[in-house]
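Build the full structure now, drawing on both the sequences and the hints.
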Amino acid sequence: MNRVLIFRVLASTLFLCSCFVAGVTAQNNPFAPQPAPPLPAGMKGSDATDPRAKLKPGMFDAGEASMGLKLLTTVGKPNPFQISNDPSDPKVDKGASIIAGDTSKIPPAMKLVLAGLAFANSDLAFQGNRLFQGNFYGMSIYDISDPTKAYPLTTIVCPGGQGDVSVYKNLMFMSVEMPNGRVDCSAEGFPIQTAPGLPAASKDRFRGVRIFDISDIKNPKQVGAVQTCRGSHTHTLVLDPKDKNNVYIYVSGTSFVRQDEELAGCSGGTPDKNPNTALFRIDVIKVPVNAPQTAKIVSSPRIFMDSRTNEIAGLTNGGTHGALDKQTPTDQCHDITVYSAIGLAAGACEGNGILLDIKDPANPKRVDAVNDPNYSYWHSASFSNDGKKVVFTDEWGGGLGARCRENDPNVWGADSIFHIENNKLKFASYYKMPAAQGDTENCVAHNGSLIPVPGRDIEVQAWYQGGISVMDFTDPNHVYEIAYFDRGPIDPKMLVLGGSWSAYWYNGHVYSSEIARGLDILELTPTKFLTQNEINAAKSVKVAELNVQNQQKFVWPKNKAVGLAYIDQIERSGTLSADEITKLRNAIEVKNSDRKQVANLVSMLETKAAQARNSKDAAKFDAIAQIISEPVH
Amino acid sequence: MVITMFGRLTFLAAVLTCFLSISALAQQDAPVVVQPGAPGQPTKVLPSSTRATLPLVSKKDVEFMQGMIMHHAQAVEMVALMDSRTQNKELRLLGARISHSQSEEIGLMERWLTARGQPTTMKMSGMDMSDMDMPGMDMSKPMLMPGMLTAKQMEALRNAKGAEFDRLFLTGMIQHHGGALTMVKDLYQSPGAGQDAELFSFTTDIDSGQRAEIRIMQNMLAKNH
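Heads up: the sequence lines are chains A and B, in that order.
So that you can map any letter, position 513 of the first sequence is 512 in numbering that gives the first Met the number 0, and since no number is skipped, the others follow by simple counting.
So that you can map any letter, position 148 of the second sequence is 147 in numbering that gives the first Met the number 0, and since no number is skipped, the others follow by simple counting.
Honestly, the hints are just simulated from the structure, not real lab data.
Mixed in with the good hints, there may be bad ones.
[As the list claims (entries may be wrong)] To give an idea of the interface, some chain B residues facing chain A are shown, with a C-beta separation under 8 angstroms as derived from the structure:
1) 31
2) 36
3) 37
4) 51
5) 96
6) 99
7) 102
8) 195
9) 199
10) 200
11) 210
Glycine included, every Cβ here is placed at the ideal spot set by N, Cα and C.
What follows is the structure, given as structure tokens:
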């Protein structure tokens, strides 16, 4: 009932919006998107002939295109993250009147699109049967026991953006960065002062990382709130393999430094003038698991320091142009992905991609840094399962703009895949979701996670209104798309923010946090690029908790699904004859197969493993041999 | 009699089951809405009808957007000069990216302002200059936002070619981008500014994106010397 009602109201709202826009088109319509400038010489743009390029617009009735991904359900945003249904609600006017004075100038329907990012859904975390979806205005918790019938359990009202979320046991962490965040989660923000001067420092303001106790999922309690100078744009949960009593949070702040009057010890500026500057560092919070209320910052590593000169602002890409050079060295990370299993973290830090040694979690040390002339803003990172590759993303335009148009180059706002060799990053290639998107679709590379298909490196990734794209980067020099899901623009005439913020694989399904529309739940379907056996093998990997930026190593069970997936991959590569493939499949399918036949097959596999082109192929033959010898069904 | 009784009971049970499952469904659809308190304080339960409140927008926010449109427009104008004046491939690519980025962002700012009932250009007469530090500003000339190239600088750029154009473009654009950083910094020195999520994210992106571009330009400048 509720959903239908919400749908109707939203649909009529959009209809009204469209009418308004249509009305002003005749005049000089500021909402009409400008076409992209021409494609720069020598560059390749996005593919305008792709089925995703021209889909029917709409909030809830947009056209859809998909390949290898099937949408199972969409759960709409909870009420508290929708602005009042009634455009004449005084609450709507309250926000608008501050600036406009006379709100009658604003068409009623337009007031509803004022919201934009303010109530946007953001990142996801998972625990057991629960999904946690961040929002600029708080948090939603869903029950996903049956992903096709996911439903909301708890909506937490607690504004401050952007609501980046992690969970660990009974604790939930949430990032707050905007100046409207309040310690007590109230929603009124801070008064606009008309007198000139610095903003009134307020002890009520909160910018940092909130800690909630979620033991009672319907009654989460704020138990800690660690303030930081720049707030927390994102954060990363870090576990210390040697210490079970504490967890760490790496805080990436990208915004302005607040004044000392509000939070003691905070000051900005360049390190040559202010060695204590809150820029040029990340903050590390230590959280005692049994006493989260005592969580505090234990270090603020200067990870951009030049280790030879000890210069704090050490990441200038080697430029040596006198004083100018010191103007804008990298001073922040946007997001950090830690991979404790290999003792490394990949930081996407403004103008650089960096590699950190995190064996001592409280004191990460930079071991390498790269830059790229095609990169605008290093945004996020994910490692391959073997830790030998890393995928960085470039959030060109911050996700607010249309950057996947036919004329936008396919190396701008793209992923870049790097090798990691002896703790050094080496560039391999770019990947950008290939389909051209419209002028009114915000689109650029965003958050993704690995899909545990054994024997391959596969990532599912969000591209805002560019939808979800699944790509194979097993060969980092030849990255290609294997599945996708996309909707048409929310609106055909103006860019209304929306699309997939994060698309992550969790225990068998793809969950996508849709900024405007809610929560999408999808499943992989077999194609020529990915077989049902490979999907089944991915589904056989289960985790108890998922915080994507705290990357966990997948370990595949030696089961039938995994064996069949490897056989499919060997068949695809053409290494074995059709007859040999059939024999292997039979040996795996039949429980009590002939011992002698099994011995022959194992011997054949051992030979093939010895002759294999690379260690990855050899491992597949070995794994199949093992599964055939000791079947676990 | 017994049968009828049983029948009635069944009917009642069915009604009850139906009612229960409906309320269970309703419960599924409507999550509990809560608002935590400060650390250590209890969590409040809010009515399920709770709706979001619009963020506050300050006059400074509006002026920032209006000013930045003007600021961005000059960057687009500078890139447009490249065509007949330089063959430097690397520089032309950088220029193309600046132009792609900033012309698209002008659209964002115009949308933001119009949706809030605000003009997209700054009215000089209506502006409150009392808190602006602009000594000796000549009101008869078009106003320049921080970092914008003066008419004289633009003229020099227009008249330059080849390596000299490259140098003037790079130094000019570094100055120009530097001004954007100043504008963002000024914005956050203003009381109550930046509480609007879209504006907040946009300004944060300008700050980091243009910082990175300045670094690229500094390196290009260093290489060409």
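Could you tell me which of the hints above the structure violates, numbers in ascending order? Per hint list: zero violations.
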